[in-house]
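Asks: Construct all of the structure, not just a fragment, from the sequences and the given hints.
There are 2 protein chains.
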Amino acid sequence: MKVYFTEEGSAEAVNARILPEADPRLRRVMESLVKHLHAFVKDVELTESEWEYAIDFLTRTGQICSDSRQEFILLSDALGVSMLVDAINHRRPSGATENTVFGPFHVADAPERAMGDTISLDGKGELCLYSGRVVDLQGQPIAGAFVDVWSDNDEGFYDVQQPDIQPPMNNRGIFRTGEDGRYSFRSIKPVSYPIPDDGPVGKMLAGLGRHPYRPAHMHFLVGAMGYDKVTTHIFVAGDPYIASDAVFGVKESLIVDYQHSQNPDCPWNADFDFVLSPKS
Amino acid sequence: MKVYFTEEGSAEAVNARILPEADPRLRRVMESLVKHLHAFVKDVELTESEWEYAIDFLTRTGQICSDSRQEFILLSDALGVSMLVDAINHRRPSGATENTVFGPFHVADAPERAMGDTISLDGKGELCLYSGRVVDLQGQPIAGAFVDVWSDNDEGFYDVQQPDIQPPMNNRGIFRTGEDGRYSFRSIKPVSYPIPDDGPVGKMLAGLGRHPYRPAHMHFLVGAMGYDKVTTHIFVAGDPYIASDAVFGVKESLIVDYQHSQNPDCPWNADFDFVLSPKS
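Note that the protein sequences, when read in sequence, are chains A and B. Counting from 0, one number per residue, gives the positions in the first sequence under numbering that gives the first Met the number 0. Counting from 0, one number per residue, gives the positions in the second sequence under numbering that gives the first Met the number 0.
Possibly wrong hints are sitting among the right ones.
The list cannot tell twin chains apart, which means a pair is met if one copy fits it or any two copies do.
Calculated lysine-lysine pairs in the BS3-like style (CA-CA distance at most 25 Å, straight line) [claimed, not checked]:
id: 1; residue 1: Lys278; residue 2: Lys34
id: 2; residue 1: Lys250; residue 2: Lys41
id: 3; residue 1: Lys188; residue 2: Lys278
id: 4; residue 1: Lys250; residue 2: Lys34
id: 5; residue 1: Lys228; residue 2: Lys278
id: 6; residue 1: Lys188; residue 2: Lys123
id: 7; residue 1: Lys228; residue 2: Lys41
Since the hints were derived computationally from the structure, they do not count as laboratory data.
Replies: Structure (structure tokens):
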């Protein structure tokens with residue numbers, strides 16, 4: 000029985016210590032983690048000073064976390080791990096609207112609004128009429144679906160980031176479809192903004208030559224009884240960061256052409272249908 | 000050109016963002032990290048609640064760190080990563096004394112002692128005469144080598160952990176070999192002790208059914224001009240944790256049979272030769 004640590008058998012030596020009574024799923028996750036972590040260290044032949052840097056980086060990442068900042072989620076986002084976990088856990092049949100990252104700015108108690116209402120309350124930015132349908136995989140309208148929407152304001156901040164500046168519930172609202180499955184509301188054409196880049200994750204991005212911006216997007220959470228809930232965005236086609244989202248949230252099917260309208264009070268139109276798949 | 004994120008091409012999508020001007024070594028390390036991290040997430044099909052647990056675990060690990068505690072080093076130790084980095088960076092020719100982990104309890108300004116001195120100053124524990132030689136790969140004595148030794152006391156604590164209880168520099172000293180390459184000193188036969196297990200790493204060990212103990216050991220840092228410095232321990236044969244060191248530090252070549260002596264004041268003998276290889 001190999002009990003002592005060797006460079007060659009390093010992961011096996013660590014995993015051999017897990018006792019039979021350990022939870023089977025915890026065992027499975029930890030064995031895989033150790034195997035891949037050791038394979039990484041061997042692949043790059045990590046130096047002692049690089050290891051020290053990593054220890055310090057992780058420590059700083061933990062220590063900058065607070066009630067209003069989660070730097071480890073940011074790290075997960077910037078390394079594409081959040082999107083990967085999202086993809087693995089939300090595989091859908093072809094034709095269904097794709098998921099993307101939830102983000103930290105949703106609030107649970109946004110107000111229900113009437114169809115056609117304007118949810119941008121601060122009077123900033125260019126208004127856009129959002130409309131479309133919530134349908135099933137056969138294209139049939141879904142009645143009683145909820146469409147929960149939120150976005151930044153024209154300056155790139157969510158209301159919860161600026162509680163002393165923005166009106167409460169600015170750029171938020173929940174809509175409920177009728178028999179026709181239709182929704183519509185007015186809000187702004189959103190703008191791109193940077194993820195917080197004054198901490199360890201920002202330093203990492205800078206080292207890799209990466210910018211911290213997310214392309215302009217509207218968040219949606221859409222669901223109905225009997226259907227799989229979709230957490231997604233629609234993205235503004237033509238945004239300069241559309242192909243380089245700092246958190247990898249963009250999927251081609253979620254990019255929407257914003258169209259000029261004839262209405263001077265509301266110069267943009269954006270149409271998007273949400274296609275829900277049955278609950279699995 | 001694939002620019003958007005997909006589950007299949009997730010690591011490639013992340014690594015494609017690294018700009019040409021990034022430092023080549025940083026690029027190499029990060030590309031491998033992303034590749035292995037994504038492979039792990041895919042292998043276990045990490046759930047969203049497991050991802051949330053991981054984010055919280057890492058955050059707690061960072062937040063418990065302080066001037067006197069480094070939980071990320073403990074995590075690296077408990078996952079065998081510290082030993083792996085040590086092994087990769089200290090490969091030596093056959094016959095040379097093997098390295099093991101440095102640990103957090105070395106102090107830079109330990110006193111030089113005369114050969115034969117007793118370094119255990121608190122009068123606790125069973126005394127042991129340590130002796131041996133510092134030699135080269137051909138077995139020739141090395142003169143002027145330093146032998147820096149430190150250990151816990153008989154209650155399993157290092158002096159720096161108990162500044163108000165133990166005499167300063169308890170169980171520490173530096174010895175310098177003469178022409179014969181010999182060293183000798185008295186200290187205690189050390190005892191096994193747990194790594195700090197009241198934080199996230201302790202919880203992880205408990206979940207895996209692992210105990211937090213290190214088998215009894217003496218730390219040594221041994222070097223001489225022109226030779227590769229050795230950071231190592233000698234371990235007490237027969238220790239109940241010898242085959243299950245919580246940090247994987249034990250190597251077979253470092254286990255020493257402590258022998259009973261005829262001297263009632265110093266009932267143990269431990270002999271060990273340090274074999275240094277030329278600086279590469």
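Asks: Against each hint, give a clear statement of whether it holds in the structure.
Replies: How the hints compare with the structure:
Within a single copy, Lys278 and Lys34 get their C-alpha atoms no closer than 35 Å, and across copies no closer than 32 Å, so neither meets the 25 Å cut-off. In this assembly of identical chains, Lys250 and Lys41 lie within 25 Å of each other by CA distance solely across copies; the values are 19 Å between and 34 Å within a copy. Taking CA atoms no more than 25 Å apart as the test, Lys188 paired with Lys278 passes in neither setting, with 32 Å inside one copy and 65 Å between copies. Within a single copy, Lys250 and Lys34 get their C-alpha atoms only as close as 31 Å, which misses the 25 Å cut-off; across copies the closest is 21 Å, which meets it.
In this assembly of identical chains, the alpha carbons of Lys228 and Lys278 lie at most 25 Å apart only when taken from the same copy (8 Å versus 63 Å across copies). Proximity of Lys188 to Lys123 under the C-alpha cut-off of 25 Å is restricted to the intra-copy arrangement: shortest distance 10 Å within a copy versus 75 Å between copies. With identical chains, the CA atoms of Lys228 and Lys41 are at most 25 Å apart between copies only, with a shortest distance of 22 Å across copies and 41 Å within one.
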